[in-house]
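Engineer: In case you want the letters, here they are:
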Amino acid sequence: MKRAFLFIPVILAVVLGVVLFAGIGKDPNKLESALIGKPVPEFQLSDLHDEGRQLDRELFKGRVSLLNVWGTWCPACRDEHDDLVWLAEEKGIRIVGLNYKDNRDDALVWLDRLGDPYQVSIYDPRGRLGFDLGVYGAPETYVIDAEGIVRHRHVGVVNEKVWEQDIEPLVQRYREKI
Amino acid sequence: MYPELGQIALILALLLAVLLSVVPLVGSVTGRDQLQAFARPLSAGLFVFVALAYGILTYAFMTDDFSVAYVANNSNSMLPWYYKFSAVWGGHEGSLLLWVLMLVGWILAVAVFSRRLPAVMLSQVLAVIAMVTVGFLLFTIITSNPFDRTLPNVPADGADLNPLLQDFGLIIHPPMLYMGYVGFSVAFAFAIAALINGKLDAAWARWSRPWTTVAWSFLTLGIALGSWWAYYELGWGGWWFWDPVENASLLPWLSGTALMHSLAVTEKRGVFKSWTVLLAIVTFALSLLGTFLVRSGVLTSVHAFASDPDRGTFLLVLLAITIICSLTLYAFRAPVVHVRARYGSLSREIFLLLNNVLLVAATLLVLVGTLYPLVLDYLDMGRLSIGEPFFNLTFSPLGIAAGLLLGAGIFSRWKKTDGGWLGRKLLWPLAVSMVATAAVMVTYGAFKPWAFAGVFAAMWVTVATFWDIWDKSGSKQGRLHGLKRQSRSYYGMVLGHLGLAIVMAGATVVSNYGIERDVRMSPGDTASLGDYQVSFTEIGNRRGKNFTAEYGRFEVSDENDRVVSTLYPEKRQYMVQRNTMTEADIDAGLFRDVFVAIGERVSDDAWAIRLQYKPLVRWLWLGSLFMAAGGFLAIADRRYRVRDKVAQGKTVDSSGLGEQGRADPAGAVS
Amino acid sequence: MVRSVLIALLLVAYGPLLTAEPSDVYSFDNESEEQRFHNLISELRCPKCQNQNIADSNAPISKDMREEAYQMMSTGASDDEVVNAMVARFGEFVRYKPQVESRTLLLWATPVIVVLIGLLIVASIVIRARRNNDSDSGLTNDERERASRILSGDGSERSS
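Chains as they are written, first to last, in the working numbering: chain A, 916 to 1093; chain B, 11 to 680; chain C, 72 to 231.
Just so you know, these hints were derived from the structure itself, not from any lab. These numbers come from a predicted model, not from an experiment. We treat Cβ as the ideally placed atom computed from N, Cα and C, and that holds for glycine.
30 Å max Cα-Cα, derived DSSO-like pairs, lysine-lysine:
hint, chain 1, residue 1, chain 2, residue 2
1, A, Lys953, C, Lys119
2, C, Lys168, A, Lys953
3, B, Lys581, A, Lys1016
Covered stretches of chain B, as calculated for chain A (at least 3 residues, CB under 8 Å):
hint, segment
4, 305 to 319
5, 322 to 334
Please construct the entire structure, taking both the sequences and the accompanying hints into account.
Structural biologist: What follows is the structure, encoded as structure tokens:
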């Protein structure tokens, strides 16, 4: 009987080994959004292209959209930009842009030069909406359903692979619910 | 051409390690002395080849050979020579090679310093460490070869050593730390050897003890150096963050402390053998776990090396084989026979057992706290962070309990301690400690319950220790004679315990009575910091060897308006990696530090300045020095140095009396 | 900006006679509030950094979070409210002190459980040792007599 107790350490070690093995390769820094299943936070911000026009979260209602957080100061955003243009044009995805902690003129020049994949662009110079969304580093892309509920967040660049594996299935799923 | 020689040296070392794992072991089990005789020469050869490989890598760094990829990634021609020397262990591959060098260094040390060890034991011990070496050499050669070349695209200059590492701390912290981590492999090997050959007795404990103690001392130094380095380097005055990598070094330390104390009981009284063996295995397992955690990317940490899933997997497999095999061997071969031990409920044995309970609780606490987020993530129960608030809250009570236990335990005697006698003995220390603690509360101006508990525990240990010295040094031939009569082991213990008390006092006071202010200052402003005034007098620029810096000049004055020190914290920009680093400046003192760091620029002429008043912070590291010194003193004890004139193989008197004929003073734990 | 210049000029003009105390980066009405703020930001984790709290981190998101915490505290929010606001946005990840809930019970209970088990084991060892002590009488009477004769230095006694 006493001998049985001596096996406890081995068993614990094996269990620990399994857990550690499962942890390899995972990125401990990719956080899941705390807003999954909750509506987009309220906001009152101006349109990037039209200072006088105020936008709020109603704009998300009616269609499944992607919300892309970006800034001219963010090099990775430059990397994914062409893919976003492709998504908007080839796949007909509605992408809402959130220009985060940026300068309006710089952003407009940027979009002019590189192409504008965004149906609507929100201008958030102080990062207020970004903060309420839980943005911690650009680029981030959210999937928002037709009722304005956040369904997914992707941290990092969106490219074809990310689209096919993570985002497209979700978009399909929420489109069918309309 | 010569870097390839380094690679060849490693492969040859691997071959020798394989031989060392097998040949003497076979010899010991089959009783063939000629095979066992290979142990020492193989150990020497193994060391030579690994040292050669390490020397070649160092040479590549010192001569700026950027055709070696590792040198190109971690060094730069503008780097001062002493940082080039240390940059060898600044990255994963090189630090791993250092690990291996230490491992074979310890093998050589065991081979050289174990003349009195029976050949069978020596063969098995060396073989076990050699097996571990085989694993690590394979890991190095296959996944982490430091001699990979960048040919044909040799860069013109290297990517530079991370500026955070360009510091004195890099020169000493990793070597000390690794000496400790790796040193526990010796205790581990002794344990495995004892399980293999079945000779688990007090003699085994006596052989294991000095190796365990010296590894523990190095680890203590290594951890203390890391804490000190983080304190002055990272710019915000913290000295312990309960970061996963830090915890990874604390785990074997806690377990190693339990092991040291458990070995004392096994050596003196021949009891708790199974437990001691388990501790020896677990301590080294925790060292290995730490190595894995730091290099696999499984946990986030500022201290972690760049991660690679392939390396992580290889290392985990290596770890799993080592630990699972040893624990399985333990389960099958550890003795379960009850020794008919006789000891009373207040005997030293019981006190030390309780000490082990507390230390094991602390170990498990830190282990669970560090790995829990991983477990939850595995079970898909979401992301969780466990940090300072949790650990401080749960660890402190254990620390205080350990201190209280220690003070009482110092007076306990082997086998039986009379309760009434012990109680009476403790009355004076209790009274003195209370008064002293109250005095400290008054000095710092506020009563805080946690502060009281921590300082009281520290005082309690200190007073009890000195009381005990006084007790034991009574002698008809005078006090001095009585003092000289005590063994180095005893004084080692004294130093170790005093060191702990000093650390506890420092940690308690700095956490409870430290002041931290973030102040907006422009040149000309003066801010108050406790009893001090800090004046920001000027801002300027200067150039260093491989960086440019913006510095501020601060004058610190006391309540009498006397300038106590002038500090020059700066923000540096390193020329190669182009990152900005905050270098704090500190007015260090035995009883307090004044710490000034420049934060962000909040306007054209104002900066956010971080001012800190840190009472007794140096005691943290001073106490650690005491502890390590205690360990080193203990192994210098005469009984480890007296040469056994009797032929090898004679059974040794388990009470320790036989060898020198000198009775241990009653109650001494040495 | 103008105010800073004015203060600087005044300081230059009147030097050490003035004791214009520079303001804290985040200023509070009293010391306990300042301490509360300090504790709060030490307990919140920077979502982006390599394991740092928002007090020590220089990342922009940390700065935003500190600002938010400060704003909330100025309007009278309690510790829980501030932490919950952060958690609502960034997830449980930013809480350095895990809440006591069903999934963290094992975590919080570990030290207690281990100490209890340890004490139980020690107690059982003590009981067993005591039983050993009682059952074993040590020296027999004859042995005791021999021992006392040897110890009192009777030269005729020789050990066999």
